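There are 2 protein chains.
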Amino acid sequence: MAKKWVYFFGDGKAEGNAKLVNLLGGKGANLHEMTNLGIPVPPGFTITTEACRYFYENDGKIPPELEPQVREAMSRIESLMGRKFGDPNNPLLVSVRSGAPVSMPGMMDTILNLGLNDESVEGLSKLTNNPRFAYDCYRRLVSMYGNVVMGIPHEEFEKLIEQKKHEKGVTQDIELTAEDWRDLVGKFKQLIRDRTGKEFPQDPWEQLWGAIKAVFKSWNNRRAIEYRKIHGIPEDLYTAANVQTMVFGNLGEDSATGVAFTRNPATGDKTFYGEYLRNAQGEDVVAGIRTPEPIDKLKEEMPTIYEELMKIRDLLEHHYKDIQDIEFTIERGKLYMLQTRRGKRTALANVKIAVDMVKERLIDEKEAIRRVTPEDIEQLMHPVIDPNVKAEPIAKGLPASPGAATGKVVFTSEEAAEWADRGDPVILVRLETSPEDIVGMKKAEGILTQRGGMTSHAAVVARGMGKPCVVGCENININYDKKEFVTSTGMTVREGDVITIDGATGNVYVGDLPKVRLATVPEFQEILRYADKIRRLGVRTNADTPEQAKVAREFGAEGIGLCRTEHMFFAEDRIKAMREMIIAETPEDRKKALAKLLPMQKEDFKQILDVMDGLPVIIRTLDPPLHEFLPKEQEQIEELAKELGIDPDVLQKKVESLAEFNPMLGHRGCRLGITYPEITEMQARAIFEAACELKKEGKNPIPEIMIPLVADAKEFKHQREVVDRVAKEVMEQYGVEIEYKVGTMIELPRAALTSDEIAKYAEFFSFGTNDLTQTTFGFSRDDVAKFLNLYIEKGILPYDPFQSLDVVGVGELVRIGTERGKKVRPDLEVGICGEHGGEPRSIAFCHKVGLDYVSCSPYRVPVARLAAAKAVVEEESKSDIH
Amino acid sequence: MAKKWVYFFGDGKAEGNAKLVNLLGGKGANLHEMTNLGIPVPPGFTITTEACRYFYENDGKIPPELEPQVREAMSRIESLMGRKFGDPNNPLLVSVRSGAPVSMPGMMDTILNLGLNDESVEGLSKLTNNPRFAYDCYRRLVSMYGNVVMGIPHEEFEKLIEQKKHEKGVTQDIELTAEDWRDLVGKFKQLIRDRTGKEFPQDPWEQLWGAIKAVFKSWNNRRAIEYRKIHGIPEDLYTAANVQTMVFGNLGEDSATGVAFTRNPATGDKTFYGEYLRNAQGEDVVAGIRTPEPIDKLKEEMPTIYEELMKIRDLLEHHYKDIQDIEFTIERGKLYMLQTRRGKRTALANVKIAVDMVKERLIDEKEAIRRVTPEDIEQLMHPVIDPNVKAEPIAKGLPASPGAATGKVVFTSEEAAEWADRGDPVILVRLETSPEDIVGMKKAEGILTQRGGMTSHAAVVARGMGKPCVVGCENININYDKKEFVTSTGMTVREGDVITIDGATGNVYVGDLPKVRLATVPEFQEILRYADKIRRLGVRTNADTPEQAKVAREFGAEGIGLCRTEHMFFAEDRIKAMREMIIAETPEDRKKALAKLLPMQKEDFKQILDVMDGLPVIIRTLDPPLHEFLPKEQEQIEELAKELGIDPDVLQKKVESLAEFNPMLGHRGCRLGITYPEITEMQARAIFEAACELKKEGKNPIPEIMIPLVADAKEFKHQREVVDRVAKEVMEQYGVEIEYKVGTMIELPRAALTSDEIAKYAEFFSFGTNDLTQTTFGFSRDDVAKFLNLYIEKGILPYDPFQSLDVVGVGELVRIGTERGKKVRPDLEVGICGEHGGEPRSIAFCHKVGLDYVSCSPYRVPVARLAAAKAVVEEESKSDIH
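Protein chains in written order, with this note's numbering: chain C, 1421 to 2302; chain E, 1421 to 2302.
Same shape as in the complex, but just chain C (with noise of 0.2 Å):
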């Protein structure tokens, strides 16, 4: 039997269904559910993406059981259509239309109206009564096949309408006539024709494999290449092409055009929430070229369409569990369904759906978690204006993608790219986008258009990218040559000129606005809640400063899973007595430089403990090299020298004897502390001492200090020693007992390889995975830009590995180090306090291999949450497989 390339829906039933997917495209499958929901779709056909694929293996050619298969499945419309393909008299009219197994919006071709030519154009005409519809319908097909099959640029084709509507004085499409369109279908053809020295073909069998193919072909077109780039999805899915049964929404003032959302995209609100066009084809509501009417509207002008509309939606909602997006077409009283898809949404409103579609119980919390992705968590916890800054917007456009941004005005893809690229932050300032545009979109910080709508190119696009978005702000005034726009104030805003742009409310303002990061709307807490429910995974936090730590806490940090000491030396009071401890010679001079040191650490360890009051705090001993605390330039350290009140010769020399060939790898860590014994017992002394204190308060501080750099298990003995030695002293001193722990990190292959020995002394490992990136691969994270672009390029690397941790290297160390170090040690707590630990990808692989929390930057906290509990739902999925 012959290979099935062509599936077809009609009248009620289809030969495919949703879950088809990847051979029938998102919008096929999905023309197939919808038909076999009994849902009023116009008939059709998908070619498979097996065809496609076919056509690149090919070089071009299509398989030959797809030519009769389609003639065949055209005359099944035919017939439920009552018209024939090419029947001068009765035509019938089809969309060709691309779908990708993933949903690829804009990036690829669409043909209507094939089957017009001539003759037809004529009987149309007469059929419909409408000669200006006839001629409307025509030019349409012989410019898009113009461009699309035939690769004439869009704009000649504008440019020739432009013209026509000068002459005629108006400035409207459809101010103009049918002997208009007639004119300029006669004006198209004769462009084709200089342009290509082809006619315009007026075989309809020849326009449909003609746009058949160009379908095929624009799966391979520049932009839909880098759009899947951007978006990770696989060269050889393929996109397959529907043809089906053109219903026109331009038949008069009872048809009608629209797109929808079965709920707000933007804010998630349980609302239908849509637009319109009256008397227009469906393009036109997308390209944003005629602002469109609000979809309640429609109740009052064509009520029971309205209310079969409603229907159709609670249907989709129900059958799908999820927002949908859908096309309709109403023509001449009737509706027509086009298409429903996934609704694109915003992070709030993916967290908001989810979380009230628990409450609907149209889904499970699970399914709740599985939805909402750490980016939406992200993005929420992304700066909104200041609610207290008083401003006045210069312009309001529509709210198309939430998030406030601020950056240097630009007005081409290429100059945001370029400014971006060199460290400007831009806002990208266009008349409306087009899929060229989406690596500017990309760079920008945010994305302004003076016109289209909530489904525009530039909305649906910079929600998806998470970015703000402001569109159709018509009362900004766009001078691309001038390189500037003028609100209707008459302010002017130059290339260059700062502006801030606000998604959630169309606002646009001049100038660098204060922002905060909201993340309080409650499903925002309540999706955590569930995630704190199925997680395993303890979070915490990286935290240097009480501040910081009261954020991470608000976020529902945990405790803290890295305090680093360091940077509290760098303050302007203490770096003095530092530099006088690193230029001690003797044990003596360094301890009372120290002394110095001690009231000041331990103020800090207090504030930070008492913030933390009953959660753990694991404080890390001093880490970096020495010189990183002195000057390098001969003039400041002869400045120094005169501070410390010493001979520059000996400041400079004790500088050279400190550098380093390869300070990563250098006098750090613990080896400071092994060599100067007397820094970690002042840091002992600092953090047992503020415990005592607190908890003489009534606190419950409990400090867990961590001895960095451990490469052998005896390195760890002698400093726990020495903690150990000072925790006794200070705690008989205050005559209170301190729960505490010590352990260490684990950041260098040899500690991770010999954990089971390090396990025998330490009470918890922290996976440094920063600095465990660097040995493993052998990566100076400083001097890595050299070459580590060119790797991911070339395919090398999957990705950079100080952002998202390398699971078969890195990753490997860090199951031996908790595999061998819980064998010796069960209760071992161990988690990861690299950067990797608020990074979703690295976080599921550390609930993969057993470790007991994550430790991340404070505003990354909820993240986690998220990232922690995902882990666990997506461990389920995958174990249901199997």
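It is worth saying that the hints were derived from the structure and are not from the lab.
For clarity, every value in this text was computed on a predicted model and none was experimentally measured.
Careful, some of the hints might be misleading.
[Claimed, not checked] Keeping only pairs whose Cα atoms sit at most 27 Å apart, straight-line, the calculated BS3-like set for lysine-lysine is:
hint, chain 1, residue 1, chain 2, residue 2
1, E, 2012, C, 2206
2, C, 2073, E, 2052
3, E, 2012, C, 2214
4, C, 2052, E, 2074
5, E, 2052, C, 2052
6, E, 2073, C, 2206
7, C, 2268, E, 2134
8, C, 2137, E, 2214
9, E, 1649, C, 2134
10, E, 2148, C, 2214
11, C, 2012, E, 2206
12, C, 2214, E, 2137
13, E, 2243, C, 2243
14, C, 2052, E, 2206
15, E, 2268, C, 2243
16, C, 2011, E, 2206
17, C, 2206, E, 2074
18, C, 2214, E, 2134
19, E, 1996, C, 2206
20, C, 1935, C, 1902
21, E, 2011, C, 2206
22, C, 2206, E, 2134
23, E, 2214, C, 2074
24, C, 2134, E, 2206
25, E, 2052, C, 2074
26, E, 2180, C, 2214
27, E, 2214, C, 2180
28, C, 2137, E, 1649
29, C, 1935, C, 1810
30, C, 2052, E, 2214
Given chain C's structure and the hints, the job is docking chain E onto it.
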């Protein structure tokens, strides 16, 4: 039953034997063994090391059961000897000698002639009819006791003797009369009284216990502790104390005392080798105070005794199957053996004896391998004076320990250490050495003494250390005060003057004489032949030049394990092209510069491949960061810019852009080859063109290309593709086929951990354990000195992991890397090319984890061959136990 603290020997029967060495000490165990063999040994008993341990663990108390056991043993001696301990008329005299389980010659104390006092000295005088002898014995007891037990420096007693000789106008001890000695005894006792306020004890039992305790205490004297530290002897072995009937070599001309080796300990020749002194006590020989007669003379003087001694020599060698170091005393015509022990010998002797004993069927080849140490092999490769050099010695002494050494003359141990520590090689010149000189001897290049024989302290210790040593060089005259020595020809050599000594001939020269390495004795080759039969590990060499390769091949290298290519670029005629390559801004310019390097590289490779004809040659592609090839100082940069004809600012910027924070972890290794594939391409081309040309000349080149610093399989794959492509091109061009492999260094933890992935593409691995140690520990080799010594001192690390492979950490990665690699590719060739490849302990580990070969510097190749065989033998010994 009471614990047995005392083991008796005498009259052909002993309670112990040679196996009880831990309990009885080496000396004791062998006295028991000899007694059981029927060899004439003066009766006595051994107090066990357990008693000494008890002594240390109980604040200097002796076990309560010890005293009765000693008394009982003493009465057994008394009845055997027919004398009584403390009897004024017929006194039994005994010695108390230390004897630890491990030989520590001269480190601990001995007291002779115990049992004498003011009364019994008269008895002895009458009994022997030799008042001079009796008082000589007594004065020895009093001074030894005064020194060892009562703590008065030996020199103070010596000074009194010198005074007496001066008074009497004589120079030799032997010229002093009974009266003189009696007088001196009085003076000695007065000295003791003056210094300690105590009397020399007249009670023989008090003497005995004082002596026993002093022997126990001597285990922990400063020089013994020092010795154990140097030789890695555990602190908890403790010493036994041997109490033994005195026999006297100083009872007249029919008496003598001597020491001998059963073979020549310097050359290994199978000739009886020793010295004796007539009418002397043992320590007179060892101390080197009088120059003794060669043992051959005994054949003439006491032929019967000599024959008896020869029989004992054979008996001992057949019994112990090794060269023995014996002490004997002839008392009035009767031979007594006082000690036998494994003879210390030179490396040359050790090798020769091992091979000879295989031929004599005393031992098998594996035992020979077990006995020869890597240090022996290394020493035989030590330089000797170039035989072609004609030079007149300024003096000649006894050839005590072979090898030639050059250094500046110093006269004290302290100065030797001081000068050596600041980098000045020294020759330590002493009248004679004593245990106090150990540290200085260790630091010196060689030792020269004016006095003493082949078994003097200097000779024995120097042989043990493998230091060149000339002793008994009586034609020099040392003046410590003036810091000079004068030769018999009147030449004055002062402190700091450079001399060369030849420990194989005894010659002393002025100046630094050119040296060569020998290692050509047939036994050296023979032992390595045994090794080759036994070892499983292959041995290759690290060689960058044809000269090195040639040396290595002569030493038995079975290929090149690492040929670094970067050294080739530093040559003056190449560095310019190299720099042009580095500053090139485009691949074209880079290729142009590389084209200049190509013919030079090709010539390098051709020569090396030619030398190693038929053996594999692993060539590593460029490894160091490019900035290593550029100057760093402003001035040099300007100069270079002029030379290259470019703007100095441009060059300065290039230098800056290449600078790195942590070069060790920077842009180097395959990262360069991936960034600039044209470098790898040029190198591959040079290799294959060289190989093809040799092949056409009928040679058999086997190049193996090694990609450095791989962290991920994809890096390797990328570089391998370049190499394979070039190989194909060149081979087609020349029309010949070259057998080649492409493999990688495993020198990063990630490479070891993901070696299964890498082995999919790589045909061989070579562990670069230098870099692997750096990254596994996070130690920068260039910076580690800041704390490594402290770490070793504090026992945090047992040794320098850059010298001996860190088995638990770095070794674990070697194990994992090998295991995972071979799992994927069972015929994967795995070696090691770090400096550990020539270090015996590391080689044993490589054998254990199943590596295929080790690669080391040319002069370490024989060491590695032996060490590889020893690994097999040791493994078998271990599996014998289980």
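Each hint tested on the structure:
Straight-line distance between C-alpha atoms of residue 2012 (chain E) and residue 2206 (chain C) comes to about 23 Å, which keeps the hinted pair within the 27 Å bound. Distance hint between residue 2073 (chain C) and residue 2052 (chain E) is fulfilled; the C-alpha atoms sit about 20 Å from each other, no more than 27 Å. A distance of roughly 25 Å separates the Cα atoms of residue 2012 (chain E) and residue 2214 (chain C); the hinted pair therefore holds under the 27 Å criterion. Between residue 2052 (chain C) and residue 2074 (chain E) the CA atoms are separated by roughly 22 Å; this keeps the pair inside 27 Å, and the hint holds.
For the hint linking residue 2052 (chain E) to residue 2052 (chain C), the alpha-carbon distance of about 17 Å falls within 27 Å, and the restraint holds. The hinted pair formed by residue 2073 (chain E) and residue 2206 (chain C) meets the criterion: a straight-line CA distance of about 15 Å does not exceed 27 Å. Straight-line distance between C-alpha atoms of residue 2268 (chain C) and residue 2134 (chain E) comes to about 26 Å, which keeps the hinted pair within the 27 Å bound. Of the supplied pair hints, the one linking residue 2137 (chain C) and residue 2214 (chain E) holds, its CA atoms being roughly 12 Å apart against a limit of 27 Å.
Our distance criterion of 27 Å between C-alpha atoms is met by residue 1649 (chain E) and residue 2134 (chain C), whose separation comes to about 21 Å. With a CA separation close to 24 Å, the supplied pair residue 2148 (chain E) and residue 2214 (chain C) stays within the 27 Å bound. A distance of roughly 23 Å separates the Cα atoms of residue 2012 (chain C) and residue 2206 (chain E); the hinted pair therefore holds under the 27 Å criterion. Straight-line distance between C-alpha atoms of residue 2214 (chain C) and residue 2137 (chain E) comes to about 12 Å, which keeps the hinted pair within the 27 Å bound.
Straight-line distance between C-alpha atoms of residue 2243 (chain E) and residue 2243 (chain C) comes to about 26 Å, which keeps the hinted pair within the 27 Å bound. For the hint linking residue 2052 (chain C) to residue 2206 (chain E), the alpha-carbon distance of about 19 Å falls within 27 Å, and the restraint holds. Distance hint between residue 2268 (chain E) and residue 2243 (chain C) is fulfilled; the C-alpha atoms sit about 25 Å from each other, no more than 27 Å. About 20 Å separates the Cα atoms of residue 2011 (chain C) and residue 2206 (chain E), which keeps this hinted pair within 27 Å; it holds.
At roughly 13 Å between alpha-carbon atoms, residue 2206 (chain C) and residue 2074 (chain E) fall within 27 Å of each other, so this suggested pair holds. Proximity of residue 2214 (chain C) to residue 2134 (chain E) is assessed by CA-CA distance (about 10 Å); at most 27 Å being required, the pair is judged to hold. For the hint pairing residue 1996 (chain E) with residue 2206 (chain C), the CA-to-CA distance comes to about 24 Å; that is within 27 Å, so the pair holds. Restraint check for residue 1935 (chain C) and residue 1902 (chain C): not satisfied, since their Cα atoms lie roughly 31 Å apart, outside the 27 Å limit.
Taking the CA atoms of residue 2011 (chain E) and residue 2206 (chain C), the gap is about 20 Å. The hint holds against a cut of 27 Å. This hinted pair checks out: residue 2206 (chain C) and residue 2134 (chain E) have alpha carbons roughly 18 Å apart, not beyond 27 Å. A distance of roughly 24 Å separates the Cα atoms of residue 2214 (chain E) and residue 2074 (chain C); the hinted pair therefore holds under the 27 Å criterion. Annotation: proposed proximity of residue 2134 (chain C) to residue 2206 (chain E) holds, straight-line Cα distance about 18 Å (limit 27 Å).
A hinted pair counts as satisfied when its Cα atoms are at most 27 Å apart, and residue 2052 (chain E) with residue 2074 (chain C) qualifies at roughly 22 Å. A hinted pair counts as satisfied when its Cα atoms are at most 27 Å apart, and residue 2180 (chain E) with residue 2214 (chain C) qualifies at roughly 20 Å. For the hint pairing residue 2214 (chain E) with residue 2180 (chain C), the CA-to-CA distance comes to about 20 Å; that is within 27 Å, so the pair holds. Between residue 2137 (chain C) and residue 1649 (chain E), the direct Cα distance comes to roughly 24 Å. Compliance with the 27 Å bound is thereby established for this hinted pair.
The suggested pairing of residue 1935 (chain C) with residue 1810 (chain C) holds, with an alpha-carbon distance near 12 Å, which does not exceed 27 Å. About 32 Å separates the Cα atoms of residue 2052 (chain C) and residue 2214 (chain E), which puts this hinted pair outside 27 Å; it is violated.
Hints 20, 30 from the list above are not met by this structure, while the remaining hints are.
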